Amino acid sequence: MMLFEATLKQAALFLMSEKIQKATHRTLLRYEDIVLQIPGGDIPSWPDSALNSWQNGKDFLYMHDLLQQMGRNIVTQESSDDPNRQSRLWSQEEIDAMLKGNIGSKKVQSIHLNLQEQYKTNWDPDCFSTMRNLILLYLSNVNLSCSLNTLPSAVKVLIWERYSLQALPHNIGQLYKLVDLRLRYSKIKCLWNGTPVLDKLKFIDLSYSEDLIEMPDLRGVQNLECLLLEGCISLVRVHESLGQLRRLVKLNMKDCRNLVSLPTKLEMNSLEELVLSGCSKLEELPEFGKDMKSLSICDLSETSMKEVPPSIIHLSNIKELSLRGSKGLVSNSSWGLSRLFWFMRRPIRMGMRLPSLSGLSSLKKLDLSDCNLYDGSIPDDLNGLSSLMNLNLSGNNFASLPAGCISNLTNLEYFYLSDCLRLQSMPHLPPNLLEVDATHCPSMETSLDLQNLFASLVAKHRNLLLYEDIVLQIPGDEIPSWFEQRECYINHFRSAVLITMNIPFVRDKREWSGIAVCLLLKDMISPSGTSHRIYWSFKDSEDAIHYNVRSGCCVKNSYVEPQLYMAFFPFNCLNCWRHLSGGRSHLKLLIATFIPGRSTGWESVNGNMKIMDCGWRLICKEDFEGYSASNASSSLQITELHED
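Under our numbering, the first residue of the sequence shown is numbered 487, with each subsequent residue one higher.
No lab work stands behind these hints, which were simulated from the structure alone. All values reported here derive from a predicted model rather than from experimental measurement. Where is the CB? At the ideal position from N, CA and C, for every residue including glycine. Watch out, some of these pointers could steer you wrong.
[Said to hold, decoys possible] Each pair of labels, with its calculated beta carbon distance range: (1) 606 - 842: 26 to 36 Å; (2) 845 - 582: 55 to 65 Å; (3) 780 - 683: 21 to 31 Å; (4) 675 - 751: 51 to 61 Å; (5) 841 - 744: 42 to 52 Å; (6) 862 - 705: 39 to 49 Å; (7) 586 - 683: 29 to 39 Å; (8) 986 - 756: 53 to 63 Å.
[What the hints assert, rightly or not] In silico DSSO-like links for lysine-lysine, alpha-carbon gap of 30 Å or less: (9) 593 - 663; (10) 592 - 740; (11) 740 - 779; (12) 751 - 736; (13) 673 - 663.
Take the sequences, apply the hints, and build the full model.
Dropping the structure here:
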């Protein structure tokens, strides 16, 4: 019984009434040196009844109210008359009185005060000096009118959101047991002076501390695993020692928009995630050490980097790399004008310079959109990215791509080229694409050879997942005649369009692969935060049977010019096939305004959408006689579509 009571007290300490992020929970309960003083010295296994009371959401953990209250009651029974003799405190009135009067005792192990609004108070500068056993200090929205002389020397978890002082007390270097330090939204300017040795410190979160100017010497925190500096908009530089934190797993410096320099070289052997997106003044990326093989995600989007160092080849296990919006160097030199006319020069953007990427064999997602890439900017060895599944080259300035630059990428499923205003043609396409987006490419001179394209898709469809569809969206103002069936019914609603096609009787499953549909779209504009999606389902001619609606395919929004949206729906669902072989039926397509994150899928919101025309075709074996899976990939190129 004593052990279970201790467990409840521990839970009451870490998981109060508010929701706690999973990452916080892992940090708090993962490390043995954070556990409070309870019988046995460790957290026992949760009984089944307690475990069943945990609500495990996507991002947060909760504790059942009854369990929480039970834990609090046990704590209160320690000393109902004198809060100073209780091990855990959460009452604002009791905490405020204790710290104002500097009457805390060694009995107190935890203070938890999470206020929803700013609260100004004048605690005694030495209020923590007598709390020699205070292990957890969790404060939020407490605004001190005077400085603090000390922090509790035994503290292991220090969380103080909106910390109102510009510096931590001088004894920060003596918090030898500190494991977790979080000062989100603080007014702090520099974390500490000198080089304090904090061997147990594993987690630092200073996110959105907008007055933070620099990160100090970190040589004394060699066991640090996570450093979060997102939104520190005044941060200009970090100490060179940051690059030598060999146990650091995650470094997030997103939106540090005044950051101008990083360590010259990163030797972070354990680093798995590096986020520098939104560091708009950062022009140079550090060199990557040879042992940085753990890095999996690298987000360098929206920076001013002029080139990617060749040492990126050392990131042999990287899976996601984004350079989105990194447009390269601002330069005057290319104007070649005399110094006499220097005042007439205007800065121009030079495209991002990319090194060889061929060694990144684990890379699955590469985003080079809006990087101001010109003809010749794409590395010749792009075809060597054997694991690549998602490639985004949208918003660049090339007129063409090397003919075979992606043709051998057999794992590539999603290829994006939208908003390439100078693009005149596309390269040879690989065989296993599911989605190609070439919207808003007004210089495109040719169209896809649809028969070759669908030959490739059908050759692959045997390996498709049960509910996997194939989508292509390109500029165009006319349904190709290859989509020979034009009979359909189009009904426009306020925020949706319903298209019904009558499908004839289908006899032999072996002869049919699926149905190809082409829509001519115009004015596909939807409100911010929404998108258009196409949902489809089969019904019989009497509408008596309605199979579950398939999850929708996204339609590219915000284009006024006409677009051709082509989709291939494979007949690999048994219910779908039984239905089609049973007699005349309907294929219904619903194009609706979709609000991501809503359980209803789509809702009635204002948004323009016009379906100008629709064509479709049942895909049978005879359509592709002469096309094999092997030659389909080699024949996939952009040619003019010949009319039948």
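These are the hints, each one checked on the structure:
Here the CB-CB span from residue 606 to residue 842 is close to 58 Å, at odds with the stated 26 to 36 Å. Checked against the hint of 55 to 65 Å, the C-beta distance between residue 845 and residue 582 comes to roughly 59 Å, which is consistent with it. At about 25 Å, the beta-carbon gap between residue 780 and residue 683 stays in the expected band of 21 to 31 Å. In this structure, residue 675 and residue 751 break the distance hint of 51 to 61 Å, their C-beta atoms being roughly 27 Å apart.
For the pair residue 841 and residue 744, the beta carbons lie near 27 Å from each other, so the given range of 42 to 52 Å is not met. Between residue 862 and residue 705 the beta carbon distance is about 44 Å. The supplied range of 39 to 49 Å therefore holds. Residue 586 and residue 683 have their C-beta atoms about 33 Å apart, which keeps the hinted 29 to 39 Å range intact. For the pair residue 986 and residue 756, the supplied restraint of 53 to 63 Å holds, since their beta-carbon distance comes to about 56 Å.
Taken as a hint, the residue 593 and residue 663 pair is honoured in the structure, with Cα atoms around 18 Å apart against an allowance of 30 Å. Taking the CA atoms of residue 592 and residue 740, the gap is about 40 Å. The hint is violated against a cut of 30 Å. About 22 Å separates the Cα atoms of residue 740 and residue 779, which keeps this hinted pair within 30 Å; it holds. Distance restraint check for residue 751 and residue 736: the Cα-Cα separation of roughly 16 Å lies within the 30 Å cut-off, and the hinted pair is therefore satisfied.
With a C-alpha separation of about 24 Å, the suggested pairing of residue 673 with residue 663 holds against the 30 Å cut-off.
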